[in-house]
Amino acid sequence: MARTHSLTGGRGESGTRAPGRAPITARTLRTDAWWAYPASTFMVLLAFVVYSTYAALANRDYYADPYLSPFYSPCLSTHCGAVPGSAGAPHLGWFGTWWIITPAVIILIFPLGFRLTCYYYRKAYYRAFWLSPPACAVPEPRRRYTGETWFPLILQNIHRYFFYAAVAFNLVLTWDAVIAFDFDGHIGIGVGSAVLVINAVLLWLYTLSCHACRHAVGGRINNFSRHPVRYWLWTWVSRINPIHGRLAWASLVWVALTDLYVRLDAAGVLHDPRFV
Amino acid sequence: MGYQLNLRIWRGDATAGGLVGYPVTVEEGEVVLDAVHRVQATQAGDLAVRWNCKAGKCGSCSAEINGRPRLMCMARLSALPRDAVTVTPLRTFPVIRDLVCDVSFNYRKAQQIPSFTPPTDLAAGEYRMRQADVERSQEFRKCIECWLCQDVCHVIRDHEDNKVAFAGPRLFIRHAELDMHPLDTLDRRTQLREAHGIGLCNITKCCTEVCPENIHITDNAIIPMKERVVDRRYDPLRRLFPNWRHKPQPDGGQP
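The listed protein sequences correspond, in order, to chains F and E. Taking this note's numbering as reference, the numbering of the first sequence is continuous, increasing by one, and the terminal residue is 276. Taking this note's numbering as reference, the numbering of the second sequence is continuous, increasing by one, and the terminal residue is 255.
Hint data in this document are derived by calculation from the structure and do not stem from the laboratory. Any given hint could turn out to be false.
To be clear about the criterion: a stretch of chain E counts as covered by chain F if any three or more of its residues have a C-beta under 8 Å from a C-beta of chain F, and this derived list gives those stretches [said to hold, decoys possible]:
| hint | segment |
| --- | --- |
| 1 | 59-69 |
| 2 | 85-95 |
| 3 | 155-163 |
In this text, a Cβ means the ideal position worked out from N, Cα and C, and glycines have one as well.
The shape of chain F in the complex, shown without the other chains (with noise of 0.2 Å):
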């Protein structure tokens, strides 16, 4: 046998160097590519975050007949359709001409909650972002950590409102599915209406396999025999919520290539095709 090198701890260290246990100086003697997973996350969320920014900022180009971007609906200002790129967008006028900036910061507040405090997430940008941990078995950086227990991350613990609101934003953007198959009054079918309706479907699958979801249909009782009707619900969404991380991405990407495409076929650069 050969003795590989000798390691002593340092008193006052503190996590895997604490006083009492095992004495290893290396911080993590994991071999695989931990730090793939993080990596690729923290690219692909700040990908995200930087086209969406763009796209909630850009203020045009976000509605090409009959086909409205989800950064953009529901539209609450009656600036909509004044700006380039916008022309015959829906509106609700809900707020007036004294609103100057960009209708979209309205809304995405709602949708950017939701996907910040969403359970999936937590553990992508907490590993990503953080670094706390930036993998299993490797030490965080901090010395110090409170986890979600002080303001802001205690706010986590209203991820259920901003799921509500979700489900409202879902049915909004479930009707712009629908009448992107109105074409002049005419039913037709365009790649951008079958993009519409991926990105609902999406949507709607991520959002119902949302941990709050599956808690407010039927998470919180303890009698599923005398409720069959929330225990039938909760079995459907216990179904889904395993790939809630998968439908989390998928959706997420989508919803960015659906404001893309729209963005796209608005400014001209491409002609969207229709199939009938």
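With chain F fixed as given, assemble chain E onto it according to the hints.
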């Protein structure tokens, strides 16, 4: 077909120690515990290692293999690098010697959780439950208490000071098992939040990743219990319109 493996085992105690390399011949199909036993039998008779069933059911042989918390008896050598494998004790708990740790922290936390408390008007043998009502809790009964989830949890692994106010994933599923039981009469949410620190968990799912019993610790226990704590503590609507049937607290007080 056998091959030569450089098995690096951490030897020492709380004061000093290091990785010691042992060249050992291993066979296809063997697990890490087989190799450790061969080293113990042929080269290091004083090597301290805890083990029992060699079948992944007793939870004794927990260690960190190439830096990842695993059961030595369930870690196939064919799935590890053929040149060198490193085995260390669990790095969250005090080491006693070599690969043996003092895991009494977990038992102290377990003692703090009130046991199953059925209704006082039901005698033993009178409990009647539907399968649908108990199947959620049955998943948590698979736990073999190997403490791998406790070991990998960064809340205590990286922060020794959190051990005072944090129970860990294994004890969270114990809370969930009891709180979701249709005949348990205690409201365990206050203890779970205040004394056992479920708010410190940030859902990074490492406990689920390392569980040898494939218990969905995060999705089926921790997150549902976090939502139940939200019901009680953080949701203004649930606080305005609470469930009229209050369960008593473990300490006998009212919610």
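A quick look at each hint next to the structure:
{"no.": "1", "hint": "59-69", "in the structure": "holds (count 5)"}
{"no.": "2", "hint": "85-95", "in the structure": "holds (count 8)"}
{"no.": "3", "hint": "155-163", "in the structure": "holds (count 7)"}
In this structure, every one of the numbered hints holds.
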